[in-house]
Amino acid sequence: MLNNLYHFKKELNERGIFFCFSGPLSQDLLVEIGGTLKHKMKLEEASSSTIFKLFSMFVEQTQNIIHYSAEKCQPSREQSEEAELLSLSSGIIVVGYESDHYYVLCGNMVENEIVDTLREKLILLQNMSKEELKRYYKEQRRQGKNGNSQGAGLGFIELARKAVKPIEFDFQNINENNSFFTLKTEI
Amino acid sequence: MDSLKIKATKCTPEVTFNAENNILEIKGDSYPENITDFFSSVFTWLEEYLGELKNQVFTINIELNYFNSSSSKLLLDIFERLEEEVEKFDKKIIVNWIYDAEHDNIEEYGEEFKEDLNSLTFNLVQK
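Residue numbers (this note's numbering), protein chains in the order written: chain A, 1 to 187; chain B, 1001 to 1127.
Chain A on its own, in the form it takes in the complex (with noise of 0.2 Å):
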């Protein structure tokens, strides 16, 4: 274990990753993580609209985990109740450079039942062009909340007009309950 992590640091370093986390995410995290990335890439005097870009699609990632992902710690009733303790979401989260672009690469769990729902969103933004997302992007935004999604699902719609090419993703199957989600994409 003690000489493994410095071949995974090693790993990480050589895939081009500069930032990687797994485990309980929360909006305070999401904060001090972004802060910090916006830091490093001034540092590498990256424009500051690729900051921007960066930044963003790290927000609206890390928010789709802490809202949407399956493996949750749940508070007991008593915690809830008395220490009003809320629930932890928990996923991965991966930014990195490669081939002169950056890129947001996060997963997390989700259930399988709204895969093919998922999946079919996905790929209708993967085929649009830059114009046609921006029309989505403003019908969706007209229209009121869409079932169990915060921001009438224009979280993807919004990372698919900043990247630079298509988002990528992928459904891996884990058990009859759950499928681990992966999305990416780059800026």
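The set of hints was computed from the structure by calculation and includes no laboratory data. Hints should not be assumed to be uniformly reliable.
As the list claims (entries may be wrong) - Pair by pair, the computed Cβ-Cβ distance ranges are:
1) A:E132 to B:D1104: 19 to 27 Å
2) B:D1037 to A:E78: 20 to 28 Å
3) B:E1084 to A:S87: 36 to 44 Å
4) B:D1116 to A:V115: 29 to 37 Å
Stated by the list, open to error - Below 27 Å or equal to it, Euclidean Cα-Cα: the simulated DSSO-like pairs (lysine-lysine) are:
5) B:K1010 to B:K1027
6) A:K138 to B:K1027
7) A:K130 to B:K1114
8) A:K38 to B:K1027
9) A:K162 to B:K1127
10) A:K130 to A:K184
Stated by the list, open to error - Here chain B is said to cover these stretches of chain A; the calculated rule only asks that three of the stretch's residues, wherever they fall, bring their Cβ under 8 Å from a Cβ of chain B:
11) 45 to 56
12) 153 to 161
The C-beta atom is built at its ideal place from N, Cα and C for all residues, glycine as well.
Take the given structure of chain A and dock chain B to it, following the hints.
Using the frame of chain A, we list chain B on its own:
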């Protein structure tokens, strides 16, 4: 109408209303975990204010560095609510969308809001 003052946090904007000049300012970043919770107090205030608003000009200055997609939805809801007041009651409402010259992303967001609005005066203002 009382003045309104909500202090900024790392992920929510400062919201202030100055009753002397009828200017509402929204300034900072907006990407809280639950945007509806944050904006509900602003909406409550706004409804009350619009009920009292007569002939005076109501100005809203928005100067955001970053906002997430759910904030974007909430902003459009606010603009549409204001537009309704303009169209139904001929109220004088001006929105100034203020952006930094270096920040073309924020300028673009402003342009896109403007494209979606008809009767509300929506100015893009470079700092």
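Each hint tested on the structure:
Checked against the given bound of 19 to 27 Å, the beta carbons of E132 (chain A) and D1104 (chain B), roughly 22 Å apart, stay inside it. Distance hint check for D1037 (chain B) and E78 (chain A): the Cβ-Cβ separation is about 24 Å, which falls inside the suggested range of 20 to 28 Å. For E1084 (chain B) paired with S87 (chain A), a C-beta distance near 37 Å keeps the hint of 36 to 44 Å intact. Taking the beta carbon of each, D1116 (chain B) and V115 (chain A) are about 33 Å apart, inside 29 to 37 Å as hinted.
Between K1010 (chain B) and K1027 (chain B), the direct Cα distance comes to roughly 12 Å. Compliance with the 27 Å bound is thereby established for this hinted pair. Only pairs whose Cα atoms come within 27 Å are accepted, and K138 (chain A) paired with K1027 (chain B) is accepted, the gap being roughly 23 Å. With a C-alpha separation of about 19 Å, the suggested pairing of K130 (chain A) with K1114 (chain B) holds against the 27 Å cut-off. The hinted pair formed by K38 (chain A) and K1027 (chain B) meets the criterion: a straight-line CA distance of about 20 Å does not exceed 27 Å.
A C-alpha spacing of about 24 Å is found between K162 (chain A) and K1127 (chain B), which places the hinted pair at or below 27 Å, so the restraint holds. With a C-alpha separation of about 18 Å, the suggested pairing of K130 (chain A) with K184 (chain A) holds against the 27 Å cut-off. Under a criterion of three residues with beta carbons nearer than 8 Å to beta carbons of chain B, the stated coverage of the region 45 to 56 of chain A is upheld, 6 such residues being counted. Three residues within the 8 Å Cβ limit are the bar, and the region 153 to 161 of chain A against chain B gives 4, so the coverage statement holds.
No hint from the list above goes unmet by this structure.
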